[in-house]
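Asks: Kindly produce the complete structure, drawing on both the sequences and the hints.
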Amino acid sequence: MTALSRRRFLQLCAVTTSGLALSVACGQQAPSAPAKPAEPAKPADSTAAKPAAPTALPTIAAAVAPQTQATAAPAAPTAAPAAKPAAAAGPSGQVTVIQQLPITTLNANMEQSLANLNPSIHMADPLVFREPNGSVKPHLATAWSYPDEKTLRFKVRQGVKFHNGDVMTTEDVAFTYNLLLDPKTDSRHTPALRAIGEVKAVDAETVDFVLKEPDATLLGRLSILPVIPKKYFESIGGVDPYGQKPVGTGPFKFVEWVKGQRVVMEANPDYFLGAPKLKTIVYRQISEDNTRITELLTGNADLVNNVPPSLAPKIKGDAKTELQTVRGLRNVYLKINTKKAPFTDVKVRQALNHAIDVKLIVETVLGGNAVPTPGGYEGPGVWGYYKEIDKERYPFDPAKAKALLAEAGVTPGPINILSAKGRLLNDVEVVQAIAGMLQNVGFTPQVNLLDFTVVNDEWNRKYREEMDLHLWSNANNTADADYNYSTNFYTKNTGLYWGNQEMDDMIVKARTTLDTASREAQYQEIGKKLLDEAVAVPLYDQVDSYGVSKRLKGFQARADELMYLYGASVEG
Amino acid sequence: MARYLFERLARSLLVLLGVVIVAYALVLATGDPAGAMAGPDVPPAEVERIRREQGYDQPLPVQLVRYVGRLLQGDFGRSSTYRQPAFPLIVERLPATLALAAAAMAINLLIALPLGIVSAVRRGGTADVCGTVLVFAGQSMPVFWMGIMLILFFSLTLQLLPASGYGWPNVIMPAFVLGIHGAAYQTRLLRSAMLDVLSQDYLRTARAKGLLERAVIVRHGLRNALIPVITASGVQFAVLMGGAVIVEQVFAWPGVGNLAVSAINNRDVALVVSATFVFAVFILVVNLLVDLSYGLVDPRVRLA
Amino acid sequence: MAAHEAVLPAEAIAPAPAVRSRASAFTRLRADRKGRSGLLALLVLTVVLFGLPLVLGVDPRFQDLRARLAPPLGFEGSSAGHLLGTDQLGRDLLARLLVGGQMSLTIGFAASILAAGIGVAAGMVAGYAGRFWDGLITSIADVQLTFPNILLGLSVMVVLGPGIGNLILVLVLSSWVFQARIIRADVLSLRHRDFVDAGRAIGATDTYLLWRYILPNIAGSVLVLFTLTLVRVILAEASLSFLGLGVPIEIPSWGGMLAEGRQYLASAWWAGTFPGLLLMLTIVAINLVGDSLRDILDPRIQ
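Protein chains in written order, with our numbering: chain A, 122 to 693; chain B, 19 to 322; chain C, 6 to 307.
Don't read these hints as lab results, they were simulated from the structure. Treat the hints with care, as some may be off.
[To be verified] Dumping the calculated DMTMM-like pairs for lysine to aspartate or glutamate here, alpha-carbon to alpha-carbon at most 25 angstroms:
1) A/K508 with A/E528
2) A/K456 with A/D518
3) A/K456 with B/E64
4) A/K523 with C/D69
5) A/K380 with B/E110
6) A/K305 with B/E64
7) A/K650 with A/E692
8) A/K468 with A/E509
9) A/K437 with C/E81
10) A/K305 with B/D75
11) A/K460 with B/E66
Replies: The following block contains the structure:
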């Protein structure tokens, strides 16, 4: 062995470790202190649209009628803040938003994740903008029409600038959506745009969407797909780099994205609808509920999403914060494997419906953060929802459940329930509560909890097909009834448990009907039929809870989970 | 010596390769990322298309060979979650994990050193028993429980420390949780080494020479007892570098562990393999250094 | 699940192998303060966990949604008949703690014994059978060590499906390396000792040497290592259950209860705190016994 003495070795170790520790300590970045504004922000009239009564049909109905012009005025911006130059100082103040899920890309057109859409929609604008009540209004497009059944024509606003100074033209619009139609782009939205064949920039003011088949749901879908600048996109190197440093026409400009820490954006004073009142928005991510809510309560955050019911009282009880709840578009229900005996018998399925006390689950396990929807699979926030959604077709009645099972000649035995965990509000508890109720009518339930990606995976399809019951949910991104029905009750789509040719035809017909009244009636029929056949056990609409600091003014929680801050401001 | 080094290096490389292959296979064995990439509510035809495009429909051995081939050229692949090259994503998180690990080690030693010495010197006494119980309790307390309790107390109630984020003083609480957790091993280690050293003849000689007990302990005993502690600290540091996952999650610390878990959940193969690779490199390097130091310091252990 | 333990010097964790009698170990264990308290605690725990449910006739499965998250008796809002309160589905917390404890201890012991068996065998082979086997086993151990346990747990449980048997498999897989490494070091240093050479000189076969000469002298290590493995395994099971990869959800387990109670720590602290406390108590008790054993078996202590 070498002649290294013990003493020398010890000294070497001590020096290296302390050197290492020192260098690390010096290298730590100081946290960027939130800049408290010097001048107080002047909150003008709040411009956030108050949600209309949920049962009102959206104004899209008027626009969809063939051969008519859109009723929206072409040039006047309808949502301009009442006092544009009123404030002496420009945009001011900083808002910190903490989301539960991480941001993976700042190009909203690639993924379906709301965690990505929330920051992106502030930096880039879509052609049409969705109101909190689900209706769609002009935004980058000033008007739209259907010259014929297979063409959707937009008039594009002139003179809008991207953050880098380039002017937004119809070329950019066509580019954005043709990019999404290309499977090589690998966007998750591509399948939903299947009705579009091609997008053409007809002239400087007009863009035509050439459709392969009529699709009444397109406008809703386009409202979450912002327009990208073609020149900048190509110069920066394509999809991946664009998602790291986006440029759009939005009210806020991208500043920085420190991975794992924050996304920062600041006001765009030349925004076409007027400069925003806020100067800076910072996005962070904390997955642990306790920590996220604590940051709100200590003033380090102004807005947090996904407040669990157990922590809601803390927010309500604090003088500096308030809780905003809104009935969301996510509907939870229990799928039944109708291909497996004994669930092929409608009586058995009805028995299952009678066995489950949804009201009790909502009241206790969910702490009231849900609204039971015994009549169907979509709530009033969705256009085309089944009007008798609140009526209990199969009320909670364990005795009746047992009787029905006996009638069907079925002795309740083992039953498998599958659920992802951590995906829905308290899903682990809900599924166990359901298991308990099934046990009360004689079944021997076994609960299988799996990671969401496993449940969703084709590879592990056996889990889905061997299970008897499956706790599932549907988030209606487009606020249009077709979305849910096409995804879950259309046999060609997801190989669902229940489905037949008749229902398939009904769904397709409804989707391609452009006459609103007729379409509406068709959806009522669909809703009734699904209920008659007891295809599943409808449960509830989730209620989303947001923690808002009282210092944040003008924020309105939305059913589609978007946290839009254009009209918001802060005081102090 | 050189031959030993060479053998060790060769074996380490093989181990690295093995780790990479096993990681890749394991992630894919649980289902390919196509389902995760597609997201919910996507028709199976689309999932199938993704699978074919990314090459996940090939049999596993074929995929492995292809992946290793690219790996040997330095290409770890693209993260399916972040749509970016995977390896840089891991590397840019390293400073945060390094900082947390260093701070945790500091707290660890701050607890373990005095406790270890005292329990050795006064073996069986009250301090020994109480200290041991406390340290074991710290090791067995659920990490998230301690973390959340600290946040609720220091951030919410007392409003003294920030609950999350990167930097100073945000690092104090997560480092404390991690440090307490590992202090048990260090304490036990030091105690044992001190006992070893205290009974040695040369200490008896020092005492016989009339030196003060304290001088005996510190000057002669402690220095030698510290050797295994220092080497163990190195190893512990490497382990901490692997990312203290739950702590990073609870405190929203932007380290590697945080990223690795969501990568596993999303079946983001490239990211998982990159993270595993970095972790493995650290462990292997430290293992090698530790083993080398044994050979240098303890002539009884023959390495060759 | 710390990987570093396996690379520590053997003597720091387990007593140096030496020829000694093991007859008086138990009596000395009882005499030592640490050992005594540890043993006592374990005894009480076992009796309570396995005996009390029989006496009380509790049902850990019965859900009473309206009585969910009731605090322990003595606090405002507590529910009659629930000494320690109820969990988030209205199930009796005490019942779940007891049954969960049975589950954790049983699984812990089973997995530890298996892991010890494999680990000791592997360690002996690696230390005794020559460079090739040593290299092979150590390489496998290295790969295992450098592997993040979460990935291992997730993969195995997903591929094989949930279930107690598979859970034990995962636990054994992630724990055998720890023992193997230390036993290997012990055997390596024993191999060239005088008495072993002497045995070889008089013509003893390798097997004979292993069984009669080496094994008895590492018995002390094995025993101490067993307690350490037990601690690791119980904590690992809790972690896996915490991540949802452990015991199936209907069966109570301390780890599962910790996971379910996590979101209520700020409001209904009892649901997530009691399982944690019991877990800590168990681990501390086992550690005390193990520590005491090590002291007793250590030849350097007078």
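Asks: The structure should be examined with respect to each hint, and the outcome stated for every one.
Replies: Right, here's what the structure says about each hint:
no. : hint               : result
1   : A/K508 with A/E528 : violated (31 angstroms)
2   : A/K456 with A/D518 : holds (20 angstroms)
3   : A/K456 with B/E64  : holds (22 angstroms)
4   : A/K523 with C/D69  : holds (21 angstroms)
5   : A/K380 with B/E110 : holds (8 angstroms)
6   : A/K305 with B/E64  : holds (12 angstroms)
7   : A/K650 with A/E692 : violated (52 angstroms)
8   : A/K468 with A/E509 : holds (21 angstroms)
9   : A/K437 with C/E81  : holds (21 angstroms)
10  : A/K305 with B/D75  : holds (18 angstroms)
11  : A/K460 with B/E66  : holds (23 angstroms)
Consistency with the previously given hints fails for numbers 1, 7, ordered from lowest to highest.
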